[in-house]
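Input sequences plus hints: build the corresponding full structure.
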Amino acid sequence: QVSTSYDDVQTVQSLNRVEAERAFAGRTAAGLDDSGSLGPVIRARLRMSEARDMATLTPHGELGREGYRIERMALHTAPDITVPTLVFVPNGGPAPKPAVLYVHGAGKGVDAGEGGDIEALVRAGHVVLAPDPRGSGESQPTSAAGGYRPMWQMFQRALLVDRTLVGMQVEDLLAAFESLASREDVDPGRVAVLGKEQGGVLALV
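With the first letter of the sequence shown counted as 1, position 136 gets the number 426 in my numbering; the numbers rise by one all the way through.
If you are wondering where the hints come from, they were derived from the structure by calculation, not from laboratory data.
Where a beta carbon is used, it is the ideal one built from N, C-alpha and C, also for glycine.
Warning: the hint list may mix true and false statements.
[Said to hold, decoys possible] Here are the simulated distance ranges between beta carbons:
#1 Gly406 <-> Asp297: 27 to 35 Å
#2 Glu352 <-> Arg439: 29 to 37 Å
#3 Ser339 <-> Ala310: 25 to 33 Å
Okay, structure coming up:
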């Protein structure tokens, strides 16, 4: 194996890294507006919709736990699009409270159990909203035609209509953020976003 048998061997990856670092120093993002904002560039690259309707929430019951409650919600982010959502609300304490939009790539239920990471945030006084944006958790497709994997087909169908799955997921998260920040028991100036696994990529966007 040449790359490990000799010292100071350059590989395609190491050469690309050097070239990328050289090019990055003088690079400017294409399409920046006069303010230098990356927002319009990111929205265009992700093929996000120019206009979004105001999201609405439909309650579907509550579950009580020691010290807090879990509100089951259906977040309607676009026509015919419903994002299953859980909202964890501490009992008592000062209001309005800080809040966290909690995005796990494997779905909202992964860290929702007793003793989990979401519970730790709630016990620290945060309202936590955990959604399943399109393609994750309950929103993940379960079947596909032609022998394709469901997620692959979902990605490809998004491209066929000049969209991207990541762009649609970010739209769902923006709607979830707005819904969380608009709650009477939440301080809109203290809303954080926490992402895990693939949810970390969406949180960065």
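* May I ask which of the numbered hints given earlier this structure violates, with the numbers listed in increasing order? => Those not satisfied come down to hint 1.
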